[in-house]
Amino acid sequence: MSLPIPVNVLSDQVEMPERFMACNSHQWLLEKFGESHILFNSASNDTHVLNELAIATLDALRVGPATLAELLIRLGFAGEDATTAQAYPRLLRELDLLGLIQPVDA
Amino acid sequence: MRIADPPLAELLSRARGSGLIWRVGPFLVRLKSRFEPFLETFRTLYADHRLVDGECGEVIEFHIELRQDRFFRRFWHPRVFFDLDGPTELLPFPLDHAFPLFEWGFNFGIASRANCYLMLHAAVVARADRALILPALPGSGKSTLCAALVARGWRLLSDEFGLVELESGLMQPLPRPIALKNDSIGIINAFAPDALIGPTFPKTRKGRVAHMKPPVASVLDEERMADPVWVVTPKYERGAVLSLDPMLEDHGFMRLAGHSFNYEMLGARGFRAVARMTRGCRFFALTYGDLDEAVACLDGLANRTKLHPA
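Line order of the protein sequences matches chains A and B. Here the first sequence stands for residues 2 to 107, numbered as in the numbering used here. Here the second sequence stands for residues 5 to 314, numbered as in the numbering used here.
There are no misleading hints in this set.
Reference excerpt, derived from the structure (chain A facing chain B, CB under 8 Å, subset only):
hint: 1; residue: Leu30
hint: 2; residue: Thr48
hint: 3; residue: Val50
Simulated from the structure, these hints should not be mistaken for lab results. From the three backbone atoms N, C-alpha and C, an ideal C-beta is built for every residue, glycine too.
Given these sequences and hints, build the entire structure.
See the structure below:
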């Protein structure tokens with residue numbers, strides 16, 4: 002199971018990498034039960050319980066690396082309210098810490 | 005030949021020599037011991053398990069020896085050690101607690117070796133080859149409820165290990181004595197006066213412990229797999245009003261994974277096995293304060309669930 006992520010690591014003050022890509026997505030096993038998606042990552046042997054937005058983000062990054070702006074477009078959030086745009090980098094950092102995505106050099 | 009068939013003297017002679025070889029569920033066990041009171045209890049509580057010829061040619065999974073101290077320690081506060089293919093890290097018990105040590109040591113051996121199965125820390129009983137899995141933390145009343153269900157006709161698969169075959173997803177029986185602790189000994193004695201309960205061992209690490217013999221029918225059916233259908237997490241609370249609340253599937257998944265001894269060790273195979281069980285089972289949380297009510301409730305659950313079409 003995943004360990005909880007320290008809150009300070011998820012601070013919105015941390016500088017955001019320019020682009021992200023999915024990590025070892027060919028080693029993921031996915032199941033959907035009720036509202037939750039359960040992802041097993043064979044690379045880390047960890048199991049993660051993810052919500053719809055997290056799983057949509059992973060799906061979008063499986064297509065190919067993307068910047069934050071590109072991701073928001075892929076997910077249909079372009080032009081959405083500021084709350085979504087502000088909360089979204091935090092989710093990306095969390096997925097990065099779980100080893101499911103990683104920053105890519107521009 | 006069953007363990008109870010030969011006279012105690014013959015059993016003792018074998019156990020002191022090359023060892024008794026017997027079958028429990030999918031495993032063959034070789035047991036050596038020189039301690040007669042232990043073998044007497046073993047013979048009573050494992051009476052219906054099959055003795056196997058030493059020349060059977062099958063692989064023996066567990067070589068167990070209950071070894072006593074040497075020299076003066078044999079007489080001064082004598083102790084018994086649990087060996088599994090040689091010495092283990094398990095601490096010795098007082099000699100007169102040899103049977104609880106054997107049971108816990110055997111549990112330790114299974115939990116550390118039976119990785120060809122997904123192993124759940126759960127009691128498992130079955131009705132018409134449909135398994136009811138009772139995963140729970142110690143002290144939640146799992147064994148008491150398991151013993152009560154078995155006394156009312158459910159088939160015992162295991163009081164301690166839910167063994168899930170990875171290929172088929174079916175539950176493998178491992179019928180062994182049910183460990184009852186403290187108040188539950190008297191509760192089951194009153195609930196099922198016909199049940200055979202062995203000697204009570206006071207002052208163990210878990211308090212008073214006694215073991216209920218598995219029913220003959222459950223032992224004879226130890227090769228008959230069961231389909232996992234219900235997962236019920238029991239919680240005993242004195243005076244509680246009975247409740248059986250459905251649980252969401254995602255919580256059920258985490259419950260099964262969290263109660264597995266080897267989910268993480270099995271990696272993707274463990275994930276697939278738990279996912280398969282989650283899709284096939286219905287999940288509930290049971291709170292009970294009265295054993296009769298709890299058994300009636302689970303009987304009702306089994307009666308209400310229709311068989312899957314073939």
